[in-house]
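Residue numbers (this note's numbering), protein chains in the order written: chain X, 258 to 433; chain W, 849 to 1006.
Quick caveat, the hints were computed from the structure, so don't treat them as lab data.
Each residue gets a CB set at the ideal place from its N, CA and C atoms; glycine is no exception.
Among the hints, a few may not be true.
[Stated by the list, open to error] Derived lysine-lysine pairs resembling DSBU-like cross-links, with alpha carbons at most 35 Å apart:
#1 X:Lys314 with W:Lys920
#2 W:Lys915 with X:Lys314
#3 X:Lys314 with X:Lys362
[Claimed, not checked] Stretches of chain W that chain X covers, calculated by requiring three or more beta carbons in the stretch to come under 8 Å of a beta carbon on chain X:
#4 889–903
#5 907–919
#6 929–943
#7 978–989
[What the hints assert, rightly or not] Chain W is faced by these chain X residues, among others (derived, beta-carbon under 10 Å):
#8 Gln282
#9 Arg368
#10 Phe376
#11 Glu379
#12 Val389
#13 Val394
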Amino acid sequence: MQLGATRKAQPVRTEQIILFRASSQVLAISSASVQEVRSIEGLSGSPQEIHEPRLPKVRHVFRRGELNLYVVNAAVHFGLRPSQASLIFLLRRLRTALLVDGIEKMTTMTRLQALPGAFCHEERGWYRGLTVLDQNVVPVVDPAGFLTAEELFVLDAAASRLAMPEAPPNEMGLNV
Amino acid sequence: MSQTEQLDARSCVLLRLGERRFALAAEHIAELVAPSRVYRFAHRTPEIEGVILRRGRVVPVCDVAEKLTGKKLTYRRFYLVAMRRRGTQVDRVALPVSGECELINADLTPASESDSPHVAGWLSHDGEVIEVLNLDALTPGTSVEPTLAQPGIPEAHA
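Just chain X, same shape as in the assembly (with noise of 0.2 Å):
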């Protein structure tokens, strides 16, 4: 006779998160998707103001060995009130830095849902979901909606009438 059969538990994925603040929204993002956190003061690289009239998102500039990296402004490309930003999220395999006002806790998400079919907009290139935390709805950014392949084109143009002086390509910082 064979007993019962016992049923393997089912081993709950998680993603470990970043909850942060931009203006007075609190998002999300996947901590595996930030390379670096940085206060704005503690960015070196020398970023330069880039003014380019379609993306009031973007401000500034820094190199990073051969690369760009651009910095979105989060409470603007959100479309939030603009807010006192303190902190830089270095984005892992991205050229964008996120401009964030701060970091509310690292936590863990174990579902994601798939933002609802009726939101029918950009905000499908800015959210990979949406998870449930204590009780509350937050947005789960997905990095590469920063900027897109053309907005980083627009960019790359602008940048190129600049002379930037470069960073070295790995210098410290607080990697997550």
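Please build the complex by placing chain W on the supplied structure of chain X, with the hints as guidance.
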């Protein structure tokens, strides 16, 4: 065409938006819930004001009163949670209503070409001619196909 061909007996839910009543086919209704906290976050779909949580699932809230009556609701009695089929997915949307809802059986007259896209048909009830709503035309939306999960990453579920 005879009258029997024109009419189609259906179960419908009557809903009140301010002074007017509208109807939705009962098969599109998931539940009627008390108003609860609306969670708001940045987005660019003006018809959607946020989401509510129902048993851990997020449901977008879409106030259709302004589109249908010209006025926003000043009072919300319930949220009527309706289902829309988008592609292979069933999508839910919460419609704020200002009064009691009623389940009725009525003969539906199909919409004609001259009707607005949001009109799926007409029914007559208590001496009133009532629009049966076409939710797909009335609420914004796109089909959400399930995304492939990466190993170790929580899946996005519709």
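*asked:* I'd like to know which numbered hints this structure contradicts. Please list them from smallest to largest.
replied: none
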